[in-house]
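*Asks:* So you can see what is in the structure, the chains are spelled out below.
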Amino acid sequence: MTGPKAFVRQELISALPPPLMASGVVLWLRQRLFSGVFNSVLTVVSVALLAALLWPTVRFLLIDAVWSGSSREACVGQAGPVGACWPFITAKLTQFAYGIYPETEQWRVDLTYLIGVVLLVPLLVPRIPYKIANAFLFFAAYPVLAYLLLVGGYENIGLPHVETRLWGGLLVTLVISFMGIIGSLPLGILLALGRRSDLPIVRMLSVIFIEFWRGVPLITVLFFATYMLPFFLPESWKIDPLARVLIGVTLFAGAYMAEVVRGGLAAIPRGQFEGSTALGLGYWRTMIFVILPQALKHVIPGIVNSFIALFKDTTLVLIVSIFDLLGQLRAGFADQNWITPATLFTGFAFAGIIYFAISFAMSRYALYTEQRLAVPR
Amino acid sequence: MNEKPSSKAAPAGARDIRTTRNEVAVDIDTVNKWYGQFHVLRDVSLKIMRGERIVICGPSGSGKSTLIRCINRIENWQQGRIIVDGTELTDNLKAIDEVRREVGMVFQHFNLFPHLTVLQNCTLAPIWVRHSPKRDAEALARHYLERVRIPEQADKYPGQLSGGQQQRVAIARALCMEPKIMLFDEPTSALDPEMVKEVLDTMVSLANDGMTMLVVSHEMGFARQVASRMVLMDAGQIVEVSEPASFFSAPQHERTKLFLSQILR
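Going line by line, the protein sequences match chains A and B.
Sequential numbering from 1 applies to the first sequence in my numbering.
Sequential numbering from 1 applies to the second sequence in my numbering.
FYI, nobody ran anything at the bench for these hints, they're computed from the structure.
Careful, some of the hints might be misleading.
Among chain B residues calculated to face chain A with C-beta under 7 angstroms, some are [to be verified]:
#1 Arg81
#2 Ile96
#3 Asn111
#4 Gln120
#5 Leu124
#6 Tyr157
#7 Gln237
Fair warning: this is a prediction, and the values are worked out from it, not measured in the lab.
No residue lacks a Cβ here, since even glycine has one placed at the ideal position from N, Cα and C.
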């Protein structure tokens, strides 16, 4: 009898396609929603809850809503349940969009928006070339142009001065968010690099800056910038109230951004620094070409999180008497002509939809960017 | 070959050979380095002539990687001098940049930039450090990728390549700066056994072209084939320096004998 022989494969097994996956709606339902008694109960309860919440909302906003009219009369005294009072929004739309920006000058705001959109859209679509020129126009030239257009002060070419205390509504919300966003990211990057620097004084100053701004509430910052700062600064240093708030918000958001970016920097292995250093790329080139592109990509979710938080935090400027979208809305509630049971809910629903739409757009675009930048491995 | 007396004893007189300065590629002169209290490099002196291939071996923790990382100042040291191609490495950043342009380095873990394609990895430094036009840099990169026999991978990302291919890209990337001296820090240690040969072959062909090379490696077959001199380090010091023939057949120091007996079983 011969012992167990060594195994030698005679022919190699060729690759086969994977077995057909069972699919279809029913299977998906069974696997995801009804994979057991407990899960089935959960599914039914969740659907019931959703319906219970969704149905009254839809009824209020759409079905029972009043769509036309010119005063509160349209929204009160009708039979049936109370619905949203949309004429209120229509009547106040100009204020929500521009505040009390002079009516004859509102085209300047529209033009600013238009230029913004024209510059932003090609920047967001990856296929469109000239990204560097485009980015320069949007992030550097556009703010200056927008400033000239919105503030004005050139009677002779038809751009009279419009004081910022007349600005309001969505205009203020967008100005503060936009400046906060494009100011806080570079500031945050510099602070994060500073905090990881080998130079002790740079590091110390960055740490002090970050910890200071993270340690005080935004409301305090706004109060200080608006009411206290003028006492400390000499009489001739009159800074516009909106500009003071802008600077406060930017520095505040920059400190948060710095910590987000620092997290990304910490995730880059030391070998990347060494590889780049050995090639003779100095500190800044190493950072710009090797480290930051990787680090920022890692923290896109965190960066966008900060952007969205900043966007919604702009509503706090109401407490220093700057009327952003939400502030303008509340001013509208005080109007005797529009006091109805539904005004408050209609107004907040309207503001909620706008804030949600913008935040959600930012979030989805960030997700798209994240997937686009994912390196194949 | 460039035969040099062993600098084991680091004779004081060896330093003033200023006439042959151009022949000396790297002059390491009584370098001492500490990590905190730990004395990693102890009185290390070594003179590497142009065109020489030095293979440094020794047990782990003996300071061999630290030593070659000092040559392009990725690591700093506390005492002693290192002169690379006539430029002394001091705290002067200009001198350091100058040396780094002339010295290429290949790492154990490749350290390729994962967010850039192979071609971009190779052109980054020529474009931004040497200020070559993009077209020239790309032509040069393709030339060296050809040289390491992976021209077809130019547009892939490092993560899509095998370890051996990545290491060859790393060699090409270093060569794109047209360095006078190449440092290899355990270039095959992180590779699967089947990929070691392709990297070593690339290094052999580089050696045959007369490149000055400092290689930290335990690939003794490679060492026998290309080394002009072998260096054995232990506990932060150079224990033995000799030609490969005598190094392998008649090691002088006890530590060398022990080391060789352990790795050449």
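*Asks:* Work down the list of hints and note, for each, if the structure agrees.
*Replies:* Hint by hint, here is what the structure shows:
Annotation: B:Arg81 was flagged as interfacial toward chain A, and the flag is violated, the nearest CB pair being 21 angstroms apart, outside 7 angstroms. For B:Ile96, the interface hint is violated, since its Cβ never comes within 7 angstroms of a Cβ in chain A; the closest pair sits about 9 angstroms apart. Checking B:Asn111 against chain A: minimum C-beta separation of about 3 angstroms stays under 7 angstroms; hint holds. Contact between B:Gln120 and chain A, as hinted, is not supported at the beta carbon level, the nearest pair being about 9 angstroms apart and thus beyond 7 angstroms.
Annotation: interface hint on B:Leu124 holds; nearest CB of chain A at approximately 6 angstroms, less than 7 angstroms. Hint status for B:Tyr157 relative to chain A: holds, with the closest Cβ pair at about 5 angstroms, below 7 angstroms. Interface hint status for B:Gln237: violated, as the beta-carbon distance to the closest one in chain A is roughly 25 angstroms, over 7 angstroms.
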